[in-house]
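Taking the hints into account, I'd like the entire structure generated from these sequences.
Taken in sequence, the protein lines are chains H and Z. For what it's worth, our numbering labels the leading residue of the first sequence as 1, then goes sequentially. For what it's worth, our numbering labels the leading residue of the second sequence as 296, then goes sequentially.
No lab work stands behind these hints, which were simulated from the structure alone. Keep in mind that the hints are not guaranteed to be accurate.
As the list claims (entries may be wrong) - One side of the interface only, derived from the structure: several residues of chain Z facing chain H at Cβ under 8 Å: (1) Val719; (2) Gly720; (3) Arg738; (4) Ala740; (5) Ser760; (6) Asn763.
What the hints assert, rightly or not - Distance ranges between label pairs, derived from CB positions: (7) Gln543/Z - Val22/H: 23 to 31 Å; (8) Glu794/Z - Gly172/H: 54 to 62 Å; (9) Ala426/Z - Asp129/H: 23 to 31 Å.
Stated by the list, open to error - Covered, in the sense of this in silico footprint (three residues per stretch, anywhere, with C-beta under 8 Å from a C-beta of chain H), are these stretches of chain Z: (10) 772 to 783; (11) 900 to 910.
Ideal placement from N, C-alpha and C gives every residue a C-beta, glycine not left out.
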Amino acid sequence: MSTVNEAGSAPAVRQKRQSLWVAVLHTGEGMIGVTLGIGMVLLIILGRFFGPSTDYNVGLPGSGSSAEHWFGTDTLGRDILSRFLHGGDTVLLIPLIAVTLALIIGGTLGLFGAYWGGWPDVVISKVFDVILTLPPLLIVLVIIGGLGASNTVLIITVALVYAPGLGRVVRGTAQSVMVNPYVLSAQARGESDLAIIFREVLPNVSGPVLAEFGLRLTYAILFVATLSFLGLGVQPPAPDWGLMVAENRGLITVAPWGTMLPALGITLLAVAFNLTADAISRVLAGDELSRLAVI
Amino acid sequence: MSTAVMKNGSACRGGTSEPGVSVTDAAALVVEGLSVGYHQKDGGVLCVAHDVDLRLYPGKVVGLAGESGCGKSTAALAAVGYRHPGGVIMSGRSLLGDTDLLQMDPADLRRLWGGQVAYISQNAATSLNPALTIGRHFDEVLRRHADMHGAAAAARQLELLGAVKLPDPKGALDRYPHQLSGGQQQRVALALAFACKPSVLILDEPTTGLDVTTQTHITALLQELIAETQVAVMYVSHDLALLSTVSQDIAVMYAGEMVERGPVKELIAEPLHPYTNALLRAVPSARARQTIAGIAGEPPVSVAADHCAFAPRCPHAQERCRTEHPDSRELRPGRSARCLRVEELHGALRIVVTHDGYESPAAAAAGESTGHFLEVKDISCYYGSRHKRVAAVRDVSFTLGEAEVLGIVGLSGSGKSTLLRSIVGILPDYTGTVSLRGQELARNARKRPRALRRQVQIVFQDPASSLNPRHTVEQIIARAVHLFREDVARGKTSEAVAELLEGVKLSRSFLGRYPSELSGGQQQRVAIARAFAARPSLLLCDEVTSALDVSVAATIIELLRDLTSSSATAVLFVSHDLAVVRTIADRAIVMRDGLICEQGSTEQLFCAPEHPYTVELLSSIPDIADVRAGRTVEAGVAPVC
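Set out below in structure tokens:
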């Protein structure tokens, strides 16, 4: 269908609206990040169906690579490859759920703080600031020390650690969106607060927030792995990658794969999300320049 | 190699100049056949400036005019050897004395720029390094280009800052750019440009971001400096009124080509090219209410090789204009135009100023007073928190008749936009009352009954940010229809939106587009359609044409005039542009620092101003009518209408 321009003149070439993900895939790091990310997620979800079962595949503790155990066995003689293939889900899911929860809590507070301004904004910001001054490990130690270690506690704790950072990003972005005349225009129409927040503000903060989300997810993956390594996160006998590094580090000279393989998995997962987050921020930064709209 | 010799100003002709072309006439810069392109993603080169010829003479100003996107800045910068990232110079030469700037290597060019060739950009704030003091800026320039150090350099700095009339030059040297006002920053930029006695100066909209009165001061200063230093100047601007007052010659660019050039007075009285004619017809004047006509459509992004680029928008286009590319034709010495029909059209394009028959319904019904439709009484509007409250508007009162168009003029910071925001109910911190047909309006829009809210609509200055980038044109307008139009059934919204678009002369195909896919003019039309979706009885326009090109602004003014007079909508039209206000408003208010200085009919206010501030404003804005009539306007003296 041809476009009829006013006065029938030749339409000037304008930037076509392009999907964020298409643009992200066109950047080098976006392509690598997204491909690697999909690969890792597939490995975590489907790996268990291809690898040998964890339960019955027990050999000599701390043995190196062999035909039966490709990547050797751990301290208790369990097959490292099969534990690796089964152990990725907590590494991915706990940070994912935790950071999503952080976004919901922090983002909502940040959004309303930015919208209302005044004292609610001051209170919300100060609470964020106070949490940000506390060392994350200290928060985790106190909460897990008090409530005991379980996946639920872990998720809530990590969410609490990451909520202020995400909240601040949402608040900052929303504040810059709030001053746009399209928001003023909605106010002049007499729209309700919720209508303005959901129709006018929220869609326009999602881009930068997505980039921040990807970055925080990277941190959270490393953080949860660290916690598991320290014994505060996922508890034995679960085949978690962070936990595996901790359990097998004594055997690093004899059966190096016990630490190397899960460490590699954590690294690749973190790198994948980090590259994707970088690509998103880069696309959005270019977007600012070219005024190219992004879905 | 040869450039090194030429740089020293020796008489060596180098290998670049062709025989038969005189380079010994007085021109400081001779640009011939300059073509510039940009590398494309697909490996090709998109030509954005083609076959540009220009001569700059010492002490003279050549104005480069045209709509944005016509290659003015690209051509001006390429003429002194600068290429934007991705830009390539495809052909041509640019002789500064005997040196071809286009053949010079980057290191030699850098030695030239800032010294012999100076450039001033639109935004002084970004052309000064925020981390360096003003003094450091001068140190750098003087050391690099004039080899001046220590006491000599210090003395020269003070001399320069004195020459640009910066208050307290000594103190300014230790200040940082952000500690100066916009006008002062531009003065510093001027002083820097003139620091090494340049022979060529490129000005790219140097006063566009400034307030009108500051603009006049900077322009006057510029003219003084040009006369004193005899620098050859290329002045790039879209503002024909301004160019006609500062330059001796004007060159008009369209789609990367120079379509016409000639001496100012001849060109603005009798343009040879239909594009120049159209541009001039879009320029409003504060001296008389005259008919203005915009140019529909937009300029193409690149040079047209096989047809006249202006043909699609040209009222005089014929079949051959669409199949043949015009060369520049000289009608008589000094006057040439790139138009196939230049001889035939000669005389037909003369600018005839038509005094306007336009009247708003209110003015037409003058005599029988329509009563006070809108009454604003003792309104003071405040910004800031409870502790640091600043009054942006103080004790302002005025009334507006039914369907009357009232202009509010003033500089930035005069409180005119604040006033509109309080009236529409988005800046509720005010004292005093606003009543519509005798009914007092609640301070906050949300507390007003829907029927009242519907009646007051607002259109903002920046069209790009007044539309939500995540909503389609249809969604944007449909929202207002949903809220305010009970007569439109739910299923018929799309139909109603299409009708509204038609009202602002946009086709149905715009329904599914996002704001980023529209031009500035189209975005503003959508914003106007959104306001008219509510069928308002009062429309508030906040600088609605300020972000647009003159040609586009004229189409918006035409549209607003049509829509408001056909629907008998009253308008509060806020603008810093007196000429635009003259064109659209029946009455006007002059505001300064939150107070009303003077109010009256536009006729009276613009032709017989009483308040000295009104006189100052009127005399500081360059007006094309003055140039046409050969009048010079003195600062502080009320101009003749």
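Structure-based check of each hint:
1. Val719: holds, 5 Å
2. Gly720: holds, 6 Å
3. Arg738: violated, 12 Å
4. Ala740: holds, 5 Å
5. Ser760: For Ser760/Z, the interface hint holds, since the closest Cβ of chain H sits about 5 Å away, which is under 8 Å.
6. Asn763: Hint on Asn763/Z: holds, closest Cβ of chain H at ~4 Å, below 8 Å.
7. Gln543/Z - Val22/H: 23 to 31 Å: About 52 Å separates the Cβ atoms of Gln543/Z and Val22/H, which means 23 to 31 Å is violated.
8. Glu794/Z - Gly172/H: 54 to 62 Å: violated, 41 Å
9. Ala426/Z - Asp129/H: 23 to 31 Å: Holds: the Cβ-Cβ distance is about 29 Å, inside 23 to 31 Å.
10. 772 to 783: holds (count 4)
11. 900 to 910: With 0 residues close enough to chain H, the hint is violated.
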